[in-house]
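**Q** This is what each chain is made of:
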Amino acid sequence: MAAQSNLAWRHKKAAFFKNFCIGVTGFAVLILCLLIYQVSVLGLPWLDAQFLSSFPSRFPEKAGIKSALMGTLWLVSMTAAIAIPIGVLAAVYLEEYAKPTRLTEFININIANLAGVPSIVYGILGLAIFVRFFQLERSVLSGAMTMSLLILPVIIIASKESIRAVPGSLRQAAFAVGATRWQVIRAHVLPSALPGILTGVILAISRAIGETAPLIMIGALTYVAFVPEGPMDEFTALPIQIFNWTSRPQQEFHELASAGIVVLLLVLLMMNAVAVYIRYRGTRIK
Amino acid sequence: MSSEENVILNIDDACISYGGDLAVRNVSLQIFEKKITAIIGPSGCGKSTLLRSLNRMNDFIHGCEQSGRISFRDEDLYGDKMDPVEVRLRIGMVFQRPNPFPKSIYRNVAWGPDINGLEGDLDDRVEKALRQSALWDEVKDRLHESALNLSGGQQQRLCIARALAMEPEIILMDEPCSALDPVSTARIEDLLFELKENYTIVIVTHNMQQAARVSQHTAFLENGVLVEYGDTEEVFTNPKNKRTEEYVTGRFG
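Chains as they are written, first to last, in this note's numbering: chain A, 1 to 286; chain B, 1 to 253.
Excised from the complex, chain B in its bound form (with noise of 0.2 Å):
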């Protein structure tokens, strides 16, 4: 990896593990500052719960423990001196489904800013985001209306548009299109290259093409242990160990 990225997130020796069970197995890698890093691996290999670690929200699972050291811009993520809710509102997060506020499509991406009190005008915030996750067009005469009537795809380019209306430094997305159609995929994957201009991103993906397609970085995990990380082109191409290659051209997963 070239020596001019910086490294935003520096996970080092992490485990994870639920009531005991290890998900996660004494993982180290760095993540990088504007650039896409895609998690792949088989179901069941930990991604989502490594992705989950790095804005803490295995916080609110009961029973969920984990060692090892991440650091966010040299601070320590899990030290005393890091607020989770401040964790949160700098890294932002989008989920494996559609899950928007039962409220207007204004409130959904205007709530965050409103209670965390971030400057600037409300309204002016709220139309970039929707037009950064290419939304605007779409909703711009019915801001007010449910956020449930939307597509499924609408939906999740608005819970898009509420991480970005955070302007967070990281943005983690869980399978964002695991539960949409090709070609509200396609349209979300359009975003994630407009978006790495000024954005982390961190996306767990089931689908190899999309990671090959969007991401410059890549993290093989599989049954927690992170087999191999590399730039995207070196995994998929040519790869160093025998289960990635195996995994990458489809042979298993």
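Chain A on its own, in the form it takes in the complex (with noise of 0.2 Å):
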């Protein structure tokens, strides 16, 4: 009998915790839920061509958010460019060449230090070397070398993990019929890895997407009305654009900026969408 009640107590015990679950999650779906209409009640009415397609002003209705959408477009992709290879060859050398060292054991951790150092420290360091010491100025290409540091240690641990992930039979197997490291590791644990360093790079570049601070420190400008044309010209972006829209003190302004979060906002799915297409097409039986 008492075994029987203790099972009954046991059974209330389980479902309170999954009830518990349940609740946690909802109320994280709750809060998204209202941050997603709020801004779609103020943004979407002023999202329309002419919101995309208009440089900044200072009348609402003649304002749009080309410069910041092109700016951001501009700045994913070239710290895309730059922060995907670097990171993950950087990876692939930590877990399949480095020999466990106490050097490589001190690069691993600090690596897992840059994760955690604060984004601004990385503007001011972009500022430093990028904008002044090589002069690139005010330019795309340093916001885009600014922004690759920053995530270049997200890229990295993700990557090595995934890349740790892999068995080491796989390996063995592949050694065992006269592969080369190369081969081993282009084949076989590249491929097995690749969903994992994918996410860690959506993890990355959805980073970047957001990020303010480091644009602001090394000198993106707020009021820009022209588009980028190429990597050594002058840019905003759209967190940027939006900060500065939040800071002025007429409403429709605040609505300009709610659209503007959600072009961020599609911008990133869009980002994501295509980073699970190549996922998925990766992990297909070749």
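Please note: incorrect hints may appear among the correct ones.
As the list claims (entries may be wrong) - No farther apart than 20 Å at their CA atoms in a straight line, the calculated lysine to aspartate or glutamate pairs in the EDC-like style are these: (1) A:99 / B:59; (2) B:103 / B:123; (3) A:99 / A:161; (4) B:81 / B:65; (5) A:99 / B:65; (6) A:66 / A:48.
In short, the hints are calculated from the structure, not lab data. Since this is a predicted model, take the numbers as computed values, not measurements.
Both chains come to you apart, so use the hints to assemble them.
**A** In structure tokens form, the structure reads like this:
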């Protein structure tokens, strides 16, 4: 009898824990929905072709987000082009080639630490090195290189984790048929690690899209009435434009900021969709 | 051992250690061409370590050190002139657990010959290897499906086919049946009988009946020491060493 009542109590505890988890998840979803609802109600009326194709203006009805949107696209594509190859190859070196010495351990620990450094610090570094020392000015290139520094640790750590998760038996099987280390990495390790690497890349790029502080630090402009045409042009980005609008007193500009946030979320969603598609193609059996 | 047998691998006074702990102590033995040699012994006796030293798979284990000399057709297996990649394409390996690549059945077999640029038609080579490993009839209509959908026994035969497709001079097998059911085990033993006509096989096994059934020579290892090595029949019916007798009659291990 005692055992049975005990069992009933255990079932109750299990049910309570399950409901607790459902509640917590629901709360998170609810907050997210509220946020999207709020932003949509304010911003959607402003979101039209005119908004997407106009430059900023001091008249809300003429203001648009073209320069910020193009700036963000420039910034993110260049950041991805710089940070993804460097990050993934660094992870491959650290996991597959580097011998487990103290130096390797030291490097690994420091990469983990860099992932936690506040973004403003990267902004200062970018200002000192890229803008001033290399005299790249307040260009898209400066911004992209600063953003690359910011997201490299995230890419390296995620790539390292997923490369490490590839079973050793798979590598041994490949070595046992006379493969070189590069052939093992190219044909087996990287394809198996690809989903995890892409997840890390998505997280990193998403972070780069949303970051404002380092861009302000390196001197990205807040009012830009032109679209960057090359890597050396000055630029602005969506978060900066949104920040700029929210800091104005007029209600119309606050609504414009909401419309900007919707655009930012859509850009993020599209980038994630591309990554999911690549991941789907990469995991199919060839 | 009769004199017409050719020595293909000569292990001379091999010692292998992991981070200072000796796993194989002063082992000397010869592996003969086109024969099956079984290495038996209790768990942790160093038999897998010894096997892995024969195609330089221990190179990947950090802190693994080796002394003594292993000759492969009179060349030093660990000499400066020997390329470990070439060693592994001439000496193939089948592992304890089936480890197919997460690719199609066809690519599993074809990958090794492909990257090494072996001559001849790839399709023919794949078919031949799959026939030799007695898997062809079961998979011929689904060569381009994932190898991971096969059963455990089929996966292990696929791994054998993968090794055979390289037409290696020696195949090393590290307890190839330990993760398989009795029916799959019997199929693989049948396979070994057919393969010994053309291949040299070194097989590590826990299963003494298996060693007695399939091999011509048997080596008994205990605590990294080679206790006895000779014709399988001798080792099992008339062992010279008392420990061997106790082990093969199942009194310990």
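**Q** Within 20 Å, alpha carbon to alpha carbon, are residue 99 of chain A and residue 65 of chain B?
**A** 15 Å, holds
**Q** Holds or violated: residue 66 of chain A with residue 48 of chain A, Cα cutoff 20 Å?
**A** Judged against 20 Å, a Cα distance of about 12 Å means the pair holds.
**Q** Would the pair residue 99 of chain A and residue 161 of chain A pass a check requiring their Cα atoms to be no farther apart than 20 Å?
**A** 17 Å, holds
**Q** Check the hint pairing residue 99 of chain A with residue 59 of chain B against an upper bound of 20 Å on the C-alpha distance.
**A** 13 Å, holds
**Q** Are the Cα atoms of residue 103 of chain B and residue 123 of chain B separated by 20 Å or less?
**A** With a Cα-Cα distance of about 16 Å, the restraint between residue 103 of chain B and residue 123 of chain B holds, given a limit of 20 Å.
**Q** Given the hint that residue 81 of chain B pairs with residue 65 of chain B, does the C-alpha gap stay at or below 20 Å?
**A** 19 Å, holds
Every hint from the earlier list agrees with this structure, and none is contradicted.
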